[in-house]
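> Sequence:
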Amino acid sequence: GTWLAGMLTVAWFLINRVDTTRIEYSIPLRENWALPYFACQVAALTGYLKSNLNTNAEVYEVYKIYVFSLFLGYLLQFENPALLVSPLLSLVGALMLIKCLQLNVKKGTFVAKVMMVIKFYLVCTLPVTLNLIMKMFIPHKENGHMLKFLEVKFGLNMTKNFTLNWLLCQESLQAPSQDFFLRLTQSSLLPFYVLVLIICLLSMTQVIFRRITLKYVWTPYVCMLAAFGVCSPELWMTLLKWLRLRTVHPILLALILSMAVPTIIGLSLWKEFFPRLITELTELQEFYDPDTVELMTWIKRQAPVAAVFAGSPQLMGAIKLCTGWMVTSLPLYSDDDLLKRNENIYQIYSKRSAEDIYKILTSYKANYLIVEDAICNEVGTMRGCRVKDLLDVANGHVVCKEGDKLTYSKYGRFCHEVKINYSPYVNYFTRVYWNRSYFVYKINTVISFQS
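Numbered according to mature numbering (1 follows the signal peptide of the UniProt record, and there is no 0), the sequence shown spans residues -20 to -1, 1 to 431.
Honestly, I wouldn't trust all of these hints.
[Unchecked claim] Using 25 Å as the maximum straight-line C-alpha spacing, the simulated DMTMM-like pairs for lysine to aspartate or glutamate come out as follows:
#1 LYS390 - ASP317
#2 LYS320 - GLU335
#3 LYS300 - ASP317
#4 LYS115 - ASP315
#5 LYS339 - GLU397
#6 LYS140 - GLU260
#7 LYS399 - ASP269
#8 LYS399 - ASP317
#9 LYS300 - GLU323
#10 LYS300 - ASP316
#11 LYS128 - GLU323
#12 LYS140 - ASP316
#13 LYS251 - ASP271
#14 LYS422 - ASP271
#15 LYS140 - ASP369
#16 LYS300 - ASP353
#17 LYS280 - GLU260
#18 LYS345 - ASP317
#19 LYS87 - GLU59
#20 LYS115 - ASP317
#21 LYS300 - GLU358
#22 LYS399 - ASP271
#23 LYS140 - GLU323
#24 LYS422 - GLU358
#25 LYS390 - ASP353
#26 LYS300 - ASP271
#27 LYS390 - GLU335
#28 LYS300 - GLU274
#29 LYS300 - GLU59
#30 LYS331 - GLU358
#31 LYS339 - ASP353
#32 LYS390 - ASP369
#33 LYS399 - ASP315
#34 LYS345 - GLU397
No wet-lab data here; the hints were simulated from the structure.
Make the full structure from the sequences, and use the hints.
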């Protein structure tokens, strides 16, 4: 890359920051921290393989790095067995074995053709075989919820499961809207990205033929790839060779275009978006959520150090970050057990009895319960995506589709009933703090349950 490509990347990133990062309206999330490391990883890998000193040896070393990284991740992520039975490890291990078994034979001979067929067969079958063998000997739990999620997402199945329906309603898992592509087109990012991508793919296809697979992570790479393409003389050379222009020397024209086109794009972006950026920078904004700040302050000052809090996963994540106190759940989608735990904790917004909620919370050793008024009285924009609606569907308390029977719960919604402070709720829960948004209840020690 060049300094011009870097400046163009930064300009596109800032102009499209609504689609490149969530940092403006959210706490720093994983993609915000991981994106620079991903970029460094791609740059280091590209620079390493670009040297062409010994391609076979370099590729084998990259395989070793993959294996080492997976085992390091296994140790650092509390020895998660899913990493040991991951398809990536099986694929890399199989490719390393095939590389060791590869023989140096003269090209074009019968033996070379037989070896090519054997290699193709091993590449197709060995990773699957190795993965099945590893799953037989390594205790693990299948992530079946992801397969079920994909089935429902693509309309192949239907479900009443709360966790799956809750994931389908998450904004981060929704398909990009037309406005998203319109914004990228208005900033001239998407057209140049598509052009560069087509040239790269066609160029790669030619090489192969001659010699003979989440929006906030994708969009920053769109900025980098598009900027690299319009500032790359090599890419312009490839395009000019296809067009077969003979009036001007291709090398000279490629150099001129690699400087002129980015300059024109930069000037157009400056004219179109610079006044908007200046206007936005003059607007001084600050975080203002006094109810949440008061809650965190109360926890730090009044809650026992050994207290365990239960509530919605998003709020528990904020409590863990801001106070360090122990919580029962976290907003993670990749762990099946944690998703099931989140579903159980969310029952505080369902039509369940006080005894049922008490048993659920005490099974996770929770000492305090936090009820959010925003969830309890939620008015959702997406039909059927409110947490309490999803819970009612999962618990069979509403009609889901034709043929389903409507069942009425004999209990009111727990998050409403517990606020009234009458028996049996006061026997299990004692309100110790509240404000406009949050109600905190201490979970009492109960010797016997009421019928």
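> Hints first: check each against the structure and report whether it holds.
Now the hints, each set against the structure:
1. As the CA atoms of LYS390 and ASP317 are separated by approximately 29 Å, the hinted pair breaks the 25 Å bound.
2. Only pairs whose Cα atoms come within 25 Å are accepted, and LYS320 paired with GLU335 is accepted, the gap being roughly 20 Å.
3. With a C-alpha separation of about 19 Å, the suggested pairing of LYS300 with ASP317 holds against the 25 Å cut-off.
4. The suggested pairing of LYS115 with ASP315 holds, with an alpha-carbon distance near 18 Å, which does not exceed 25 Å.
5. A hinted pair counts as satisfied when its Cα atoms are at most 25 Å apart, and LYS339 with GLU397 qualifies at roughly 17 Å.
6. At most 25 Å may separate the alpha-carbon atoms for a hinted pair to count; LYS140 and GLU260 exceed this at roughly 44 Å.
7. Only pairs whose Cα atoms come within 25 Å are accepted, and LYS399 paired with ASP269 is accepted, the gap being roughly 22 Å.
8. Proposed proximity of LYS399 and ASP317 is contradicted: the alpha carbons are some 30 Å apart, above 25 Å.
9. The hinted pair formed by LYS300 and GLU323 meets the criterion: a straight-line CA distance of about 19 Å does not exceed 25 Å.
10. Proposed proximity of LYS300 and ASP316 is supported: the alpha carbons are some 21 Å apart, at most 25 Å.
11. Distance restraint check for LYS128 and GLU323: the Cα-Cα separation of roughly 16 Å lies within the 25 Å cut-off, and the hinted pair is therefore satisfied.
12. With a CA separation close to 17 Å, the supplied pair LYS140 and ASP316 stays within the 25 Å bound.
13. For the hint pairing LYS251 with ASP271, the CA-to-CA distance comes to about 42 Å; that exceeds 25 Å, so the pair is violated.
14. For the hint linking LYS422 to ASP271, the alpha-carbon distance of about 19 Å falls within 25 Å, and the restraint holds.
15. In summary, the hint linking LYS140 to ASP369 is supported, as the alpha carbons are separated by about 11 Å, within the 25 Å threshold.
16. Between LYS300 and ASP353, the direct Cα distance comes to roughly 20 Å. Compliance with the 25 Å bound is thereby established for this hinted pair.
17. At roughly 35 Å between alpha-carbon atoms, LYS280 and GLU260 are farther apart than 25 Å, so this suggested pair is violated.
18. Taking the CA atoms of LYS345 and ASP317, the gap is near 16 Å; set against the 25 Å cutoff, the hint holds.
19. Restraint check for LYS87 and GLU59: not satisfied, since their Cα atoms lie roughly 45 Å apart, outside the 25 Å limit.
20. As the CA atoms of LYS115 and ASP317 are separated by approximately 19 Å, the hinted pair is consistent with the 25 Å bound.
21. Distance restraint check for LYS300 and GLU358: the Cα-Cα separation of roughly 24 Å lies within the 25 Å cut-off, and the hinted pair is therefore satisfied.
22. Our distance criterion of 25 Å between C-alpha atoms is met by LYS399 and ASP271, whose separation comes to about 18 Å.
23. This hinted pair checks out: LYS140 and GLU323 have alpha carbons roughly 13 Å apart, not beyond 25 Å.
24. At most 25 Å may separate the alpha-carbon atoms for a hinted pair to count; LYS422 and GLU358 meet this at roughly 24 Å.
25. Among the hinted pairs, LYS390 with ASP353 is consistent with the structure: their alpha-carbon atoms are about 22 Å apart, no more than 25 Å.
26. Annotation: proposed proximity of LYS300 to ASP271 holds, straight-line Cα distance about 17 Å (limit 25 Å).
27. Distance check on the hinted pair: LYS390 and GLU335 sit about 13 Å apart at the alpha-carbon level, within 25 Å; holds.
28. Proximity of LYS300 to GLU274 is assessed by CA-CA distance (about 15 Å); at most 25 Å being required, the pair is judged to hold.
29. Using a Cα cut-off of 25 Å, the hinted pair LYS300 and GLU59 holds, with the two alpha carbons roughly 22 Å apart.
30. Distance check on the hinted pair: LYS331 and GLU358 sit about 15 Å apart at the alpha-carbon level, within 25 Å; holds.
31. Proximity of LYS339 to ASP353 is assessed by CA-CA distance (about 22 Å); at most 25 Å being required, the pair is judged to hold.
32. For the hint linking LYS390 to ASP369, the alpha-carbon distance of about 17 Å falls within 25 Å, and the restraint holds.
33. Of the pairs offered as hints, the one joining LYS399 and ASP315 is violated, with about 32 Å between alpha carbons and a cut-off of 25 Å exceeded.
34. Among the hinted pairs, LYS345 with GLU397 is consistent with the structure: their alpha-carbon atoms are about 22 Å apart, no more than 25 Å.
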